[in-house]
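**Student:** Residue-level listing of the chains:
Number of protein chains: 2
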Amino acid sequence: MTKSSGSRPIGDRRARISDVAAAAGVSTATVSRALTYPERLRPDTREHVLQAIRALGYTPHEAARSLRAGESRMVLVVIAYLYSGAFFSRVINGIESELSASGYTVITGSLDGEEGKARRLVDLVYARQIDGVIVLTGHVPVFDGRSILEAGVPVVAVCAKLDHPGLPSVLINDEECAKIQTQHLIDLGHRRLIYVSGVEGHYNEVKRYAGYLKSAKAAGLKGSDSLRLAGNYSFESGADAARAFLQLKDRPTGVVCCSDELAIGFMKTVTGAGLRCPADVSIVGFDGIEFADYCEPTLTTIRQPRELLGAEGARILLQELNAVESRKSSSRVLRGELLIRASSGPPPRLRRKQVLRVAAAAR
Amino acid sequence: MTKSSGSRPIGDRRARISDVAAAAGVSTATVSRALTYPERLRPDTREHVLQAIRALGYTPHEAARSLRAGESRMVLVVIAYLYSGAFFSRVINGIESELSASGYTVITGSLDGEEGKARRLVDLVYARQIDGVIVLTGHVPVFDGRSILEAGVPVVAVCAKLDHPGLPSVLINDEECAKIQTQHLIDLGHRRLIYVSGVEGHYNEVKRYAGYLKSAKAAGLKGSDSLRLAGNYSFESGADAARAFLQLKDRPTGVVCCSDELAIGFMKTVTGAGLRCPADVSIVGFDGIEFADYCEPTLTTIRQPRELLGAEGARILLQELNAVESRKSSSRVLRGELLIRASSGPPPRLRRKQVLRVAAAAR
DNA sequence: TTGTAAGCGTTATCAA
DNA sequence: TTGATAACGCTTACAA
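Chain order of the listed sequences is A and B. Mind the numbering: the first sequence is residues 1 to 363 in the numbering used here, read in order. Mind the numbering: the second sequence is residues 1 to 363 in the numbering used here, read in order.
Just so you know, the hints here were simulated from the structure itself, not pulled from any lab data. You may find that some hints are simply not true.
For identical chains, the list gives no copy identity; a pair is met inside one copy or between any two copies.
[Stated by the list, open to error] Here are the simulated lysine to any residue pairs, SDA-like style, with alpha carbons at most 25 Å apart:
hint : residue 1 : residue 2
1    : 117       : 38
2    : 117       : 93
3    : 117       : 106
4    : 249       : 93
5    : 117       : 57
6    : 117       : 107
7    : 222       : 279
8    : 222       : 244
9    : 161       : 150
10   : 117       : 60
11   : 222       : 120
12   : 117       : 319
13   : 207       : 337
14   : 217       : 13
15   : 117       : 71
16   : 117       : 43
17   : 117       : 85
18   : 249       : 186
19   : 207       : 188
20   : 207       : 308
21   : 117       : 65
22   : 117       : 14
Please put together the full structure from these sequences, using the hints given.
**Tutor:** What follows is the structure, given as structure tokens:
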């Protein structure tokens, strides 16, 4: 809008609401309403205002909006970077799609090592810069006695569970999946199994190990519970576990891993040492990351619905953000799925029999 | 505001600066200074104030600070999600470490597909919620004619180059690295090479292909320039390229890939089809992602200094943010490094000779 | 349906 | 060294 030169922002200054108001010949309140409650304006007024907004390239100053409205429209996603990348990127994708559709901006903050990181995240929330939090980790940032859980913003846990009353979480059926994963090896004929763990004490780790044990016990496998190698979800720790495995005198034939990275690191190391997979040793992973399709052999694993986990967590958070009162949203459990690929097969003993059987049939 | 009970925040209300001021018996200005310019206060005053801050658990309201101070202390990192994960996570790590040490918060925004994404990013910047931008993509978000480049905030490109005058960038010596990568295969004796590309027109792709061509031409290989398979950096497109490769009548023996994911997808597909790597075909990747150590065989590749690239970009951005005037910071070129692993070896013909030679020596 | 005007919680200017 | 006070740019009662 251009008639009166007074309506143009002076110089290079970014247009503000009063510039738009002047240009459109209305009050600032009307401009504000044109953006927030368009239906409350007379259509022609609205048109004028929107036109002026476009003409001046006006974008509301977010800090001012935030300050006045008492909300930031930002959500913090807390990750434990060290153990994440390949798996969590998709979960975060699901979160972002869902939240940005509702006008929220996502900040992801990692929580490894340094204390400074936790401090910054806690500060962010206490500075009222964050309206809600999604944690992908088993513990929440705490600094100087202040916890995000007490900051007065809604928190939702995804792929993790916190023992905080009333804190909603979105999980998969970890224990059940681990049972299936283990049972798969048992069904193939394996009688000696070993488990490669995630980080000690993590919810996922605890549940998956429990599932492993249950399947093993139910099948009458003995000693399987003592066969457990410590890991932390990473390639490297999978390789470490494999090196320990190679030292064992009477090696198990089936390996149940708490993550795909573990499984792949393990696999690479044992095949590098001359074992064949799955001929000598079967390996199953957990997560369903992309790389599980491109390692050699391809990895039998549990596929988690990663985007969905994120999206569902975001949806629950949105409910809490819009909740009139502290009406608590409920948690949700999604289902993982066994993907059978090339890294699992019958154990060596059965394999020999099979071969003999085939040979006999051929005669 | 003042003496005893009036100095505590009422009810559950979060403490604000006036509460602290009252508790410490000073003005709000003094409280503000205690946090921003502690050296300007008398030590005992400062102590009183800091104590009150601690006692009340006061954290300044960021939106208010932002509004008044005219800066948000937020930096936007723009990524092209689709082609990123394994590689860029580390670059972003480098950026975050550097920026958060200077009190900045990082928001990462992906730029794939939907127009809505670009819109949100542009809005973020125009809403003055972003003080600076680091782009990890070849193009910058634009929406409705408004580009982040014209928003009046400093922009730095990392692992990418934009043709915008005076825009600093942090790169590696892509072309040089691609020459080294290609020369490595030539040195091993390969005479027929093929190139698997990144996204057409991307800076990295263009430079790497140029390097490939130069090495190939310099070695007198002919026809190498026509042997180029289209890809987009992903596992899947590497697999696609491999399927095309398998159809070729007279197959090259050396494969130069524009990314590690391409190389790994390619490798998996050709070995799955019965070719041996490197006995039948040698493959080299580019980037140095973690997976390159765990595929089979391990991948010969160019390692990029990922954290460093990010950190350096962040440092340049910080300079621009603190620059008194538009004193332009310069760009920077870091160096990649050839990592020779198991996926590259002599071509079949030479390999045979070698074997004969060994056999002769054994006699 | 639209306008007036009072803050939102800081920081910065100026004065004491 | 400290304090009073005026913005920063917006939203939202309340009034018209």
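**Student:** Are the hints correct? Go through all of them and say.
**Tutor:** Each hint, compared with the structure:
no.: 1; hint: 117 with 38; verdict: between (41 Å within a copy, 23 Å between copies)
no.: 2; hint: 117 with 93; verdict: both (22 Å within a copy, 12 Å between copies)
no.: 3; hint: 117 with 106; verdict: both (17 Å within a copy, 12 Å between copies)
no.: 4; hint: 249 with 93; verdict: neither (45 Å within a copy, 42 Å between copies)
no.: 5; hint: 117 with 57; verdict: between (37 Å within a copy, 19 Å between copies)
no.: 6; hint: 117 with 107; verdict: both (13 Å within a copy, 15 Å between copies)
no.: 7; hint: 222 with 279; verdict: within (23 Å within a copy, 44 Å between copies)
no.: 8; hint: 222 with 244; verdict: within (20 Å within a copy, 50 Å between copies)
no.: 9; hint: 161 with 150; verdict: within (17 Å within a copy, 44 Å between copies)
no.: 10; hint: 117 with 60; verdict: between (31 Å within a copy, 18 Å between copies)
no.: 11; hint: 222 with 120; verdict: neither (48 Å within a copy, 57 Å between copies)
no.: 12; hint: 117 with 319; verdict: between (28 Å within a copy, 22 Å between copies)
no.: 13; hint: 207 with 337; verdict: within (16 Å within a copy, 42 Å between copies)
no.: 14; hint: 217 with 13; verdict: neither (72 Å within a copy, 54 Å between copies)
no.: 15; hint: 117 with 71; verdict: both (23 Å within a copy, 21 Å between copies)
no.: 16; hint: 117 with 43; verdict: neither (49 Å within a copy, 28 Å between copies)
no.: 17; hint: 117 with 85; verdict: both (18 Å within a copy, 22 Å between copies)
no.: 18; hint: 249 with 186; verdict: within (21 Å within a copy, 45 Å between copies)
no.: 19; hint: 207 with 188; verdict: within (23 Å within a copy, 50 Å between copies)
no.: 20; hint: 207 with 308; verdict: within (20 Å within a copy, 38 Å between copies)
no.: 21; hint: 117 with 65; verdict: between (28 Å within a copy, 21 Å between copies)
no.: 22; hint: 117 with 14; verdict: between (34 Å within a copy, 23 Å between copies)
Checked against the numbered hints above, the structure violates hints 4, 11, 14, 16; every other hint is satisfied.
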